[in-house]
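2 protein chains.
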Amino acid sequence: METVGTSGKPRRGGRGARERILAAAAALFYEEGIQATGVARLVETAEVSTRTFYQHFPTKTALVEEYLRSYEARLSQRIEQYLTRDGLTPEDQLLALFAMVADAASGPSGRTTTRGCPLHNAAVEAAGTMPDVRELVQRHKQGLVRLLTDIAARAGADDPERLGRHLAVLLEGATALSTSLDSPHPRHDALDAARVLIDQALPDVSSATEQSSQGPDVVVG
Amino acid sequence: METVGTSGKPRRGGRGARERILAAAAALFYEEGIQATGVARLVETAEVSTRTFYQHFPTKTALVEEYLRSYEARLSQRIEQYLTRDGLTPEDQLLALFAMVADAASGPSGRTTTRGCPLHNAAVEAAGTMPDVRELVQRHKQGLVRLLTDIAARAGADDPERLGRHLAVLLEGATALSTSLDSPHPRHDALDAARVLIDQALPDVSSATEQSSQGPDVVVG
Numbered sequence: 007m008e009t010v011g012t013s014g015k016p017r018r019g020g021r022g023a024r025e026r027i028l029a030a031a032a033a034l035f036y037e038e039g040i041q042a043t044g045v046a047r048l049v050e051t052a053e054v055s056t057r058t059f060y061q062h063f064p065t066k067t068a069l070v071e072e073y074l075r076s077y078e079a080r081l082s083q084r085i086e087q088y089l090t091r092d093g094l095t096p097e098d099q100l101l102a103l104f105a106m107v108a109d110a111a112s113g114p115s116g117r118t119t120t121r122g123c124p125l126h127n128a129a130v131e132a133a134g135t136m137p138d139v140r141e142l143v144q145r146h147k148q149g150l151v152r153l154l155t156d157i158a159a160r161a162g163a164d165d166p167e168r169l170g171r172h173l174a175v176l177l178e179g180a181t182a183l184s185t186s187l188d189s190p191h192p193r194h195d196a197l198d199a200a201r202v203l204i205d206q207a208l209p210d211v212s213s214a215t216e217q218s219s220q221g222p223d224v225v226v227g
Numbered sequence: 007m008e009t010v011g012t013s014g015k016p017r018r019g020g021r022g023a024r025e026r027i028l029a030a031a032a033a034l035f036y037e038e039g040i041q042a043t044g045v046a047r048l049v050e051t052a053e054v055s056t057r058t059f060y061q062h063f064p065t066k067t068a069l070v071e072e073y074l075r076s077y078e079a080r081l082s083q084r085i086e087q088y089l090t091r092d093g094l095t096p097e098d099q100l101l102a103l104f105a106m107v108a109d110a111a112s113g114p115s116g117r118t119t120t121r122g123c124p125l126h127n128a129a130v131e132a133a134g135t136m137p138d139v140r141e142l143v144q145r146h147k148q149g150l151v152r153l154l155t156d157i158a159a160r161a162g163a164d165d166p167e168r169l170g171r172h173l174a175v176l177l178e179g180a181t182a183l184s185t186s187l188d189s190p191h192p193r194h195d196a197l198d199a200a201r202v203l204i205d206q207a208l209p210d211v212s213s214a215t216e217q218s219s220q221g222p223d224v225v226v227g
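Quick mapping for you: the protein sequence lines, in order, are chains V and X. Here this note's numbering = 1-based position in the first sequence + 6. Here this note's numbering = 1-based position in the second sequence + 6.
One should not assume that every hint holds.
[As the list claims (entries may be wrong)] Counterexamples of contact, computed for chain X against chain V with all Cβ distances above 12 Å:
hint, residue
1, Arg57
2, Tyr60
3, Tyr88
4, Leu101
5, Asp109
6, Arg121
7, His191
[Stated by the list, open to error] Some chain X residues near chain V, calculated using beta-carbon distances under 8 Å:
hint, residue
8, Ala33
9, Gln144
10, Glu178
Keep in mind the hints are simulated off the structure, nothing from the lab. Remember, it's a predicted structure, so these values are computed and weren't measured experimentally. In this text, a Cβ means the ideal position worked out from N, Cα and C, and glycines have one as well.
Bound conformation, chain V alone:
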């Protein structure tokens, strides 16, 4: 990971190269697709040599996995931000996860994105050819079902596992239908539907809302 050669001049194979490859992968894998993005295009966009590329990532699949791990880390941070806002009840936290997905309909550049969840998209593209990628996505989504179930339990749901599974399907549908319809609306529809499912699964909604005055309850962190 040296960034400076013996001559003191920056080398193409240094730390900056790895970051440029990962930045190129994040943009191209997400916007144009994983299978459609070849090493030649990554090398060109990252402005590195093919040799440097393979020094950092022995296979394209290794880069796909690093791209997904990096996305997972950013997503975990974002989930934490949404869950630990002041004064949220567990019920509010469940809705906050749907609000997060609705907010994400506008990408960082402000323009609408309908490319869906990078992890789900990777599972679709991996099919039978990238088993480690399938496993990474599977583990992540299992974690999401557990998170929803845990919050549902703290919210007092009669059957937290059932509510957790229901909300997980709805949350995945929010981004997936957004891709299929090429529209941000399903992300907002999912938040609206989540309200109905949560209201039905919690024994007494009004008393749960009153608990918000007791202050925040940290779940992730």
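Since the structure of chain V is provided, determine the placement of chain X on it from the hints.
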């Protein structure tokens, strides 16, 4: 579309060739992915020459579109079968669409499939490179939202468009989360969640169920 040449012997470029190409596409595009399946692999599996392939499909994208139209036609037939079963109320019909997706967790061969909806998967893979494919999927899913909304209206929902949109997100989540989790369970969870959303959206569930004695109500056909 001649199948017999001037010599009277069968030709590789005849009607059977087109069917073999479509059969190879249906299997490979679905199981291994659209982008991962090249023309060379299609030609090899279909046992046709590259020249014959391009005589039938000038581009791979043309074959992708034909593959999706063919799937859409089969799906429409299956939807009709589920909706026109004897004695279904509109409420039953909404649930029948979710039962259909749950039933489809077991593929034709009896083994479990977790490859999701071919149309959604195509939208993921098409990204920005196949705009006509994106449009085909978009039109299909818009039709599905309309179908759900129409049945919701006949079921007497207070806000049929809202229920239609909610159920569309859930239905897409059923297959999408099935892919991500590599599990058939989300398809069954979606059916269970649909019951909750439908129960909540219909003003009087018990009287709607009693209408089933009035006989079937054909929606598609």
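A quick look at each hint next to the structure:
1. Arg57: Arg57 (chain X) is indeed farther than 12 Å from all Cβ atoms of chain V, at 26 Å.
2. Tyr60: holds, 21 Å
3. Tyr88: holds, 20 Å
4. Leu101: The claim stands: Leu101 (chain X) keeps its Cβ more than 12 Å from every Cβ of chain V (closest is about 15 Å).
5. Asp109: Consistent with the label, Asp109 (chain X) stays out of reach of chain V, its closest Cβ about 17 Å off (over 12 Å).
6. Arg121: violated, 7 Å
7. His191: Violated, because the least Cβ-Cβ distance between His191 (chain X) and chain V comes to about 7 Å, which does not exceed 12 Å.
8. Ala33: Violated, because the Cβ-Cβ distance from Ala33 (chain X) to chain V comes to roughly 12 Å (cut-off 8 Å).
9. Gln144: holds, 5 Å
10. Glu178: With Cβ-Cβ at 4 Å, under 8 Å, it holds.
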